[in-house]
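Residue numbers (the numbering used here), protein chains in the order written: chain A, 1 to 253; chain B, 1001 to 1328.
It is worth saying that the hints were derived from the structure and are not from the lab. Careful: at least some of the hints might be erroneous.
To be verified - Distance condition first, Cα-Cα at most 27 angstroms in a straight line; then the derived DSSO-like pairs of lysine-lysine: (1) B:1244 with A:102; (2) B:1083 with A:208; (3) B:1282 with A:177; (4) B:1082 with A:232; (5) A:243 with B:1244; (6) B:1016 with B:1042; (7) B:1282 with A:208; (8) A:211 with B:1312; (9) B:1312 with A:223; (10) A:122 with A:153; (11) A:203 with B:1282; (12) A:58 with B:1312; (13) A:149 with B:1244; (14) B:1244 with B:1254; (15) B:1111 with A:122; (16) B:1282 with A:211; (17) B:1254 with A:208; (18) A:153 with B:1244; (19) A:238 with B:1016; (20) B:1312 with B:1157; (21) A:238 with B:1111; (22) A:243 with B:1163; (23) A:243 with B:1111; (24) B:1082 with B:1111; (25) A:208 with B:1244; (26) B:1244 with A:177; (27) A:208 with B:1312; (28) B:1083 with A:203; (29) A:238 with B:1082; (30) B:1082 with A:203; (31) B:1083 with A:232; (32) B:1244 with A:150; (33) B:1083 with B:1163; (34) A:190 with B:1254; (35) A:211 with B:1254.
Unchecked claim - Pulled from the structure, derived: some chain A residues nowhere near chain B, Cβ distances all over 10 angstroms: (36) 5; (37) 26; (38) 27; (39) 41; (40) 48.
Keep in mind it's a predicted model, so treat the numbers as computed, not measured. From the three backbone atoms N, C-alpha and C, an ideal C-beta is built for every residue, glycine too.
Spelled out, the chains give:
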Amino acid sequence: MAIHERSLVDPERVLRKERLVIDGVDVSGDWNLIILPRVVEDYDLDFYDEVIAQPEGKTIVNCYQCSYCTASCPVHNYWDERYNPRHFIYLARLGLIDELQKRADVMWRCVSCHKCTHRCPKGVLVEEVLKAILRVMAKRGIIEEYPSKKFDKFFMDSVYEYGRIEDGELLFGWIEKQGYQVVKDPILKKPIPFFGGVPDWLKDLAAKPIKNMNISFLILNAKHMLFHPRTKNWNRFKQVLRKVMEEEGVFTH
Amino acid sequence: MAVAQVRKPPMGGIGKRVAYYPGCSLEGAARAYDVSTRIVAKELGLELDYLEDYNCCGAMETKNVTFWGTMLLNARNMSLAKKQGHSVIVAPCNGCSFSLQRAEYFLETDKNVFERINSLLREGGVDPLNEIPHTYHILEWFYHEAGPEKVKERTKKPLRGLKVANYYGCLYTRPHFYARTYSHSGTEEQERPRMRETADDDEHPYYMNALLEAAGATSVEYEPMHTQCCGGPHSLSDEQVSEKFVMMLLQTAKRNGADIIATECPLCHASLEMYRHRLMMKGVPDVDVPAAYFTQLLGLAFGYSAGDVKLKDNLSDPLPVLQRLGLA
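Bound conformation, chain B alone (with noise of 0.2 angstroms):
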């Protein structure tokens, strides 16, 4: 780690059972990190309860399209939350808790909006809503209520040998006023009202270091890229600027001797293997890590087989370098 850093022990509070958003990817192309988040969820004692009938959260794009609407749809899957009877949503997409927290942000901070949503709500034919769930990063979820200690506990098969580059997208640590994440070297002057005990660090985020070298595997040093940009929402309308952050992102974890990117969030995932295959295409070199999502290399070392995380759905093949080490 660049930084001398003080890691917080896993504090709770946050509910073991929690209500479930998966998001439209994971449903989708993202099977994989559904599947294997199950399984983690499951092997570390802790209950999703998935989310009937929800809609999309709107990702990055529809807020560019309408304020309004955005905050409908999110207001919608918090009120089918608080009638499941949950003040605590979970999600696995940087996406989908960004647009969820966002919308927290802007019904606690700004009466208007709270009021005209809820009249907004009721006449969709939804419960408005009284209180407003609070949204987590599944990684947050994981650290606070299960921690490393439960993941060594838990590892039937170290992770010996890999070395990861821990990828953590943008949104899961920023903005601070949404994700509510805390300033670990303390010399910020900003006030941060929202923070939240629980978060991430911002700029030197942890959690998912924490919990992959507790199941045995070696981080590497992969500041500042850990949080740069993958091109996110542009990465199917801007293609050269999408390409240029993939590359970086890419060579700088093989360069940093990487044998695989955890990712934590489907866009970033998706983004990362599609650039990954066309940058090969091209010729760049030092482009070819695979990417796997943290939970499928938690899922392995708990002893599952790569067909139970669904290893072969990753475009990027990881299943090579895994075998090498003799780890699926």
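Same shape as in the complex, but just chain A (with noise of 0.2 angstroms):
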């Protein structure tokens, strides 16, 4: 018989066997799949407190555990069928600080494509109680430090610092995070894309505006990556900015 979200089961809890007599009846074949029973002692309500006190965490409350979010996440169906919202839900309810840790290698996956959020029928805010589900994890010290984050991270220093973001400077300093050669020029220290240890396929598209002599397009590409676009008067907010976010505890710049 199949087990409902058999992934969740860890392995060396599942019994098969080959034969099986219960009462003087053989129910092989049928009822030969046993799972052996566990006992949980070391709940930690705090985390769920901890959850709900972030903003986008409240609606976790609503959970009924239905199940259509786990339905309807793509990154579920298909990548990674450990990757289960509902189940994470549920262990951040309890406080089952171990299994969420067992599951840190899959839980930054969300792609934030809000099926869950949506199709809620409880109106939980799903993609936004993952997040803080992580956050909370992440203040704990029980998940690593997982790329997405550093992304998300590095996104945030560029708004912070400018108001404004500049694709060249996000992809190319993604790449030079990940550990490939970049050349520079000399004078501003800004990223030459057709030189270097980049990825082929990003000298290919890089070389492509000029390979179609879009002129205007380089130019104007170039020019932002020279100088950065800004938002005007921004010194001011970015105080407040900073404020905020020291207070949530997330100021890092």
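Hints in hand, dock the two standalone chains.
As structure tokens, then:
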């Protein structure tokens, strides 16, 4: 018999008997699969309170575990069935920190497509709740620095500094963070896209506007790379931004 | 279409002159979208009032770092729109319209957020918000303020023979809390108190289909991929997942006979083009469908040249396909 959401059961707790006789009745083939019960004692109910304390995490209280979110989730369906939003909410509510930690390697994979939030019949902002759970996990140090978090921080730094982002800086800055060698001009220290150890696909794409003789596009982007677009009068607002981020304990600039 | 669908007529009521929040991307790599959007708006008799001195909306990234910071970023933009005398903001990017609508949701539903944000805005030297401006995606605005009839009237060079896969992306219709979309099927039991009359159908959006069909193009069957994720905020940080998602999008389009994918978000567009190139380098079959912004296609239909709508900016080279059909 199929076990619903089999991926949630640890393999060592699943017992399958070749021949099983109960009270003199041979039930092999139908009832030969047994899941050993487990005893959980390490509930940490503070975890749930910390999730609710965040403005995005509040709606977790409405969840009635229907699994509509998991059924909709493209990461669950097309990538890894261990990514299971319903289960993460369940674990967070019970405060099963160990179980959450076991899934830390997939928990960051949410692509923010909001199918879960959209379809939830109880009005849980699932995507936001999961991000709130991740944030609490990060605060407690039970999840390692994951790629998308690094990117989010990198993005935030750019917004904080200039008020605006710039595609070239974001792309090449991120590529450089990945460990690729990006060649820079000696004076302004800005990346030159066509040389160095950047991946081949990026070299090809960067060369396309040149091949197409798309001069105005090249000038525009070169201008933006040299002179980062900025929001005027940003400094005063920046201080307020800094203040709220420091209060949240996320200011790392 | 997979579903028999009643299409809403254009309702108007949003306003012919609105605040235009282009977003960072449209002034950089997605210049073509900005230019073609202005062309289409002009042709349809609509007016975009550029939001002076705006800041980044935070996209899908900053909200994972700081809740209050992201609220502040968007509240500042709303305040600027109010200052310019607008109660409607129009954003052409899914990420931007999502962020602004998300801020709108929290400001409207949570009184604490509203009060704290207003005091923080004052501190930052920006006018506080008395009332909250509403944000619309540009597609919704085009559909309701101009509509397919007007597009048909303006079309000088119909897109005859062009088979389009209309790709809406995630955040145009989702989640309904923010995007205020309605459920077309009517079987949903859940309450949607914030639903908006003019918003698109949630699972079966059709505004882009309707506009491009009015311009002479044919829509190919593209459900459910039309609202499937392209990797979105993870397109740089999680390459494996994004690559798989984009592969599914491109292959479905190709196998359903599309000549081109019409997009309405610079982030989806960039993700599609970037991974299309990488997949082609790897030799994956059926991924060579180019992408173009829907406004570029409308611009071509309105008689503008390929240079006017900056088709060369598209890294996926839609020009050969369009030239073959005699459209550019």
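To see whether the hints hold, each was checked on the structure:
A hinted pair counts as satisfied when its Cα atoms are at most 27 angstroms apart, and residue 1244 (chain B) with residue 102 (chain A) qualifies at roughly 25 angstroms. Taking the CA atoms of residue 1083 (chain B) and residue 208 (chain A), the gap is near 41 angstroms; set against the 27 angstroms cutoff, the hint is violated. Annotation: proposed proximity of residue 1282 (chain B) to residue 177 (chain A) holds, straight-line Cα distance about 24 angstroms (limit 27 angstroms). For the proposed pair residue 1082 (chain B) and residue 232 (chain A), the alpha carbon gap of about 18 angstroms is at most 27 angstroms, so the pair holds.
A distance of roughly 40 angstroms separates the Cα atoms of residue 243 (chain A) and residue 1244 (chain B); the hinted pair therefore is violated under the 27 angstroms criterion. A threshold of 27 angstroms between alpha carbons decides the hint, and for residue 1016 (chain B) with residue 1042 (chain B) the separation of about 11 angstroms falls inside it, so the pair holds. For the hint linking residue 1282 (chain B) to residue 208 (chain A), the alpha-carbon distance of about 18 angstroms falls within 27 angstroms, and the restraint holds. With a C-alpha separation of about 10 angstroms, the suggested pairing of residue 211 (chain A) with residue 1312 (chain B) holds against the 27 angstroms cut-off.
About 19 angstroms separates the Cα atoms of residue 1312 (chain B) and residue 223 (chain A), which keeps this hinted pair within 27 angstroms; it holds. Restraint check for residue 122 (chain A) and residue 153 (chain A): the C-alpha separation of about 32 angstroms exceeds 27 angstroms, so the hint is violated. About 15 angstroms separates the Cα atoms of residue 203 (chain A) and residue 1282 (chain B), which keeps this hinted pair within 27 angstroms; it holds. Proximity of residue 58 (chain A) to residue 1312 (chain B) is assessed by CA-CA distance (about 47 angstroms); at most 27 angstroms being required, the pair is judged violated.
Between residue 149 (chain A) and residue 1244 (chain B), the direct Cα distance comes to roughly 21 angstroms. Compliance with the 27 angstroms bound is thereby established for this hinted pair. The hinted pair formed by residue 1244 (chain B) and residue 1254 (chain B) meets the criterion: a straight-line CA distance of about 15 angstroms does not exceed 27 angstroms. A hinted pair counts as satisfied when its Cα atoms are at most 27 angstroms apart, and residue 1111 (chain B) with residue 122 (chain A) qualifies at roughly 22 angstroms. For the proposed pair residue 1282 (chain B) and residue 211 (chain A), the alpha carbon gap of about 21 angstroms is at most 27 angstroms, so the pair holds.
A threshold of 27 angstroms between alpha carbons decides the hint, and for residue 1254 (chain B) with residue 208 (chain A) the separation of about 23 angstroms falls inside it, so the pair holds. A C-alpha spacing of about 25 angstroms is found between residue 153 (chain A) and residue 1244 (chain B), which places the hinted pair at or below 27 angstroms, so the restraint holds. The suggested pairing of residue 238 (chain A) with residue 1016 (chain B) is violated, with an alpha-carbon distance near 34 angstroms, which exceeds 27 angstroms. Among the hinted pairs, residue 1312 (chain B) with residue 1157 (chain B) is consistent with the structure: their alpha-carbon atoms are about 20 angstroms apart, no more than 27 angstroms.
A C-alpha spacing of about 24 angstroms is found between residue 238 (chain A) and residue 1111 (chain B), which places the hinted pair at or below 27 angstroms, so the restraint holds. Proximity of residue 243 (chain A) to residue 1163 (chain B) is assessed by CA-CA distance (about 52 angstroms); at most 27 angstroms being required, the pair is judged violated. The hinted pair formed by residue 243 (chain A) and residue 1111 (chain B) meets the criterion: a straight-line CA distance of about 21 angstroms does not exceed 27 angstroms. A threshold of 27 angstroms between alpha carbons decides the hint, and for residue 1082 (chain B) with residue 1111 (chain B) the separation of about 20 angstroms falls inside it, so the pair holds.
Distance check on the hinted pair: residue 208 (chain A) and residue 1244 (chain B) sit about 24 angstroms apart at the alpha-carbon level, within 27 angstroms; holds. Pair hint residue 1244 (chain B) plus residue 177 (chain A) holds up; C-alpha atoms about 23 angstroms apart against a cutoff of 27 angstroms. Taking the CA atoms of residue 208 (chain A) and residue 1312 (chain B), the gap is about 9 angstroms. The hint holds against a cut of 27 angstroms. This hinted pair does not check out: residue 1083 (chain B) and residue 203 (chain A) have alpha carbons roughly 44 angstroms apart, beyond 27 angstroms.
Restraint check: the Cα-Cα separation between residue 238 (chain A) and residue 1082 (chain B) comes to about 21 angstroms, which is no more than 27 angstroms; the hinted pair holds. Our distance criterion of 27 angstroms between C-alpha atoms is broken by residue 1082 (chain B) and residue 203 (chain A), whose separation comes to about 43 angstroms. The suggested pairing of residue 1083 (chain B) with residue 232 (chain A) holds, with an alpha-carbon distance near 16 angstroms, which does not exceed 27 angstroms. For the given pair, residue 1244 (chain B) sits about 22 angstroms from residue 150 (chain A) by alpha-carbon distance, which is consistent with the 27 angstroms threshold.
Between the alpha carbons of residue 1083 (chain B) and residue 1163 (chain B) the distance comes to roughly 43 angstroms, so the proposed pair goes past 27 angstroms and is violated. For the hint pairing residue 190 (chain A) with residue 1254 (chain B), the CA-to-CA distance comes to about 39 angstroms; that exceeds 27 angstroms, so the pair is violated. Proposed proximity of residue 211 (chain A) and residue 1254 (chain B) is supported: the alpha carbons are some 26 angstroms apart, at most 27 angstroms. Listed as a non-interface residue, residue 5 (chain A) keeps its Cβ farther than 10 angstroms from every Cβ of chain B; the least gap is roughly 21 angstroms.
The Cβ of residue 26 (chain A) lies farther than 10 angstroms from every Cβ of chain B, with a closest approach of about 45 angstroms, so its non-interface assignment holds. With a cut of 10 angstroms on Cβ distances, residue 27 (chain A) stays outside the contact zone with chain B, its closest approach being about 41 angstroms. The non-interface label for residue 41 (chain A) is consistent with chain B: the shortest C-beta to C-beta separation is roughly 32 angstroms, beyond 10 angstroms. No beta-carbon of chain B comes within 10 angstroms of the beta-carbon of residue 48 (chain A); the shortest separation is about 18 angstroms.
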